[in-house]
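Peer 1: Produce the complete structure using the sequences and hints provided.
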Amino acid sequence: MDKPFDWTQKRPDFDTMTYEETIRFCIALEQAAAAFYEELVQGTDDPVAKALFGELALMERGHEQRLEQLDEEAFFETVPTTIIDLKTTDYLEVAEPGQELTTQGILILAAQREKATRDLYAELALRYAAEPFLHEFFKMMAEEEAKHKYILEEEYERMMGGEM
Amino acid sequence: MSSAPQTLTPKERMRIPRQEMPEQDPEARSHNFDEVNLGYDAETAMQEAQRCLQCKKPLCIDGCPVNIKIPEFIQLIVDGDFLGAAAKIKEDNSLPAVCGRVCPQETQCEATCVVGNRFRPVAIGHLERFVSDNERETGQVQLPKIAKSSGKKVAIVGSGPAGLACATDLAQWGHEVTVYEALHEFGGVLVYGIPEFRLPKKILATEIENLEKMGVTFIKNFLIGKTMTVDELMDEEGYDAVFVGTGAGLPWFMNIPGENLNGVYSANEFLTRVNLMKANQFPQSDTPIKIADTVVVFGGGNTAMDAVRVSKRLGAKRAIIVYRRSEEEMPARDEEIKHAKEEGIEFMLLTAPKAMLDDGQGWLKGVECLKMELGEPDESGRRRPVPIEGSEFTIEADLAVVAIGNGSNPLLAKTTPGLKINRWGNIIADPETGRTSKKGVFAGGDIVTGGATVILAMGAGRQAAAAINEYLNTGKWVEIDG
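Same order as they appear, the protein sequences are chains L and S. Just so you know, my numbering puts 49 at position 49 of the first sequence, and the rest follows in order with no gaps. Add 1000 to the 1-based position in the second sequence for my numbering, that's all there is to it.
FYI, nobody ran anything at the bench for these hints, they're computed from the structure. Quick caveat: nothing in here was measured; it's all calculated off a predicted structure. Treat each hint with caution, since some may be false.
Claimed, not checked - Below, simulated DSS-like cross-link-like pairs (lysine-lysine); rule was C-alpha separation at most 25 Å, straight line:
no. : chain 1 : residue 1 : chain 2 : residue 2
1   : S       : K1317     : S       : K1290
2   : S       : K1420     : L       : K50
3   : S       : K1312     : S       : K1202
4   : S       : K1414     : L       : K50
5   : S       : K1145     : S       : K1069
6   : S       : K1371     : L       : K147
7   : S       : K1057     : S       : K1145
8   : S       : K1317     : S       : K1338
9   : S       : K1439     : L       : K50
10  : S       : K1338     : S       : K1371
11  : S       : K1312     : S       : K1341
12  : S       : K1317     : S       : K1341
Stated by the list, open to error - From chain S, some residues computed to sit far from chain L (all C-beta separations above 10 Å):
no. : residue
13  : P1144
14  : A1205
15  : D1334
C-beta: ideal position from N, C-alpha, C; glycine also.
Peer 2: As structure tokens, this is what we get:
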């Protein structure tokens, strides 16, 4: 189960997974996401892009840490927020595998990745509805991923300018 | 030419209504490619010029990206010295006939005009156009004095507004300037992007001729990065400095299903076929273009307005703008939106394309769209458009044009070692001087900023020219940050 989650494929059947397996799966998911952004940081000279992807990588590493610790006390100190879903990239196509990604393609890919992860955590929140801490925890994780999607879609709209 | 009028009080000046720009009749012009705006005559220009209050602290100058001395040139029009007015503008702007036509004055100089606080602002753009047209049409174009040869050579890559502005100043200061252009006509986006009905080609041709008279060499069909690299220009051709002003010519696509169907163009291709290759004259010209009954153009900028108005002139019965935001957010100039509406262009706002539909034979038969709504305000208080689930509807169309903006062509950066670009493909350059990460290479305009305006590109070209001049004179090179 430590194999990174392929976000383009059907998500795993959590009914057949134990709680520990689920958490391990989520950790691997966050590790893969952080590695994705870290690779983008390495691939650019631009300070703005470095900052954007670096910030997202750090956030994903933070998620990984939270999942590893699952610290109830620290968790309830966080203030929940509701993130607007711009849906800018929801209907767009990601490049075919093997095609060189443009900046536009990278942002679409990253935003759709975040959407898939957000949906996955939302599903887990429902699955653990009877366990208040886990329910809230996964809801919060879903919101965090929604925030990442928002950041990326904002950047997408900024890059494309007002003409789109 | 009329004699100078008596001095008017500010109240009297403000009482004069803004002089309207004469235009071709909308119905007639939607079937031809002749210029829409017909220009002021001398009397109208002098009347409009009298509206200027000659403010002690002229805010209009701050509103202009190249700080043209606006009240001074307007006063010269009032005085009947039209040639003097043209010369005054040229102290800061080398392409006034172009800027008088395509600059978004309503968001720049005219937006800060004090008259505009109570009435409609002074028509600065129309006046700029008048004096430069007058100078050209009367055959009295004054060329700047050229300094003694410096013995230094500069290559300008790209003949768009940034390159031309840079070339003008450098030639004036005595440097040997050569402009390299990839296409077979000079002018960059001014030629391939802006239609004849907004910017007649003869205007630009005159500007190029003037530069040639100033000693600038123009070389066309020469693609830097392919025909020759920047390093070869410097090491083998002996250029002391290179200015890169290649613009943003790589069109963005929407990445929706069906975008590769026949009958779907990028605005770049669509406009280049007509503006540069004269596809509207096919088969007299060699380049064809699909003639369609219904054309949908995606986007809300000037390029989208140009494309949709071109499609109308090519014979479309329905020509539609589809834009995902509201009219307020449209980056197109107010004048272009007004002209488009007058010509019968339909506007579908708060609408986004979801997929291009195939007729089964690989051609476009329609566009599936989604309705948008303005969502809850975000942290900055802005209400953003979001799709309404289940609001899909179809527009039957046989041609679609994607006009959602442009990025930079990666060719030059890829073939120039040491030239740093950002994640979005733009060259990283010092905003004040245009200095890049590579010694002797400067850059400015859309290749640095991403798609912006003609006047901003010209401003960047002039700033870079000053920095190049200093570099050539002192040999001093300061590394840029980042």
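Peer 1: Run every hint past the structure and note whether it holds.
Peer 2: A quick look at each hint next to the structure:
1. Distance restraint check for K1317/S and K1290/S: the Cα-Cα separation of roughly 14 Å lies within the 25 Å cut-off, and the hinted pair is therefore satisfied.
2. Distance restraint check for K1420/S and K50/L: the Cα-Cα separation of roughly 14 Å lies within the 25 Å cut-off, and the hinted pair is therefore satisfied.
3. Of the supplied pair hints, the one linking K1312/S and K1202/S holds, its CA atoms being roughly 23 Å apart against a limit of 25 Å.
4. Between K1414/S and K50/L the alpha-carbon distance is near 20 Å, which keeps this suggested pair within the 25 Å criterion.
5. Restraint check for K1145/S and K1069/S: the C-alpha separation of about 20 Å stays at or below 25 Å, so the hint holds.
6. Annotation: proposed proximity of K1371/S to K147/L holds, straight-line Cα distance about 24 Å (limit 25 Å).
7. For the hint linking K1057/S to K1145/S, the alpha-carbon distance of about 31 Å lies beyond 25 Å, and the restraint is violated.
8. Proposed proximity of K1317/S and K1338/S is supported: the alpha carbons are some 19 Å apart, at most 25 Å.
9. Restraint check for K1439/S and K50/L: the C-alpha separation of about 24 Å stays at or below 25 Å, so the hint holds.
10. The hinted pair formed by K1338/S and K1371/S meets the criterion: a straight-line CA distance of about 24 Å does not exceed 25 Å.
11. Our distance criterion of 25 Å between C-alpha atoms is met by K1312/S and K1341/S, whose separation comes to about 12 Å.
12. Taking the CA atoms of K1317/S and K1341/S, the gap is about 14 Å. The hint holds against a cut of 25 Å.
13. Once the 10 Å rule is applied to beta carbons, P1144/S is consistent with being away from chain L; the minimum gap is 35 Å.
14. For A1205/S, the requirement that its beta carbon stay farther than 10 Å from each beta carbon of chain L is met, with the minimum near 29 Å.
15. At roughly 14 Å from the closest C-beta of chain L, the C-beta of D1334/S stays outside 10 Å, upholding its exclusion from the interface.
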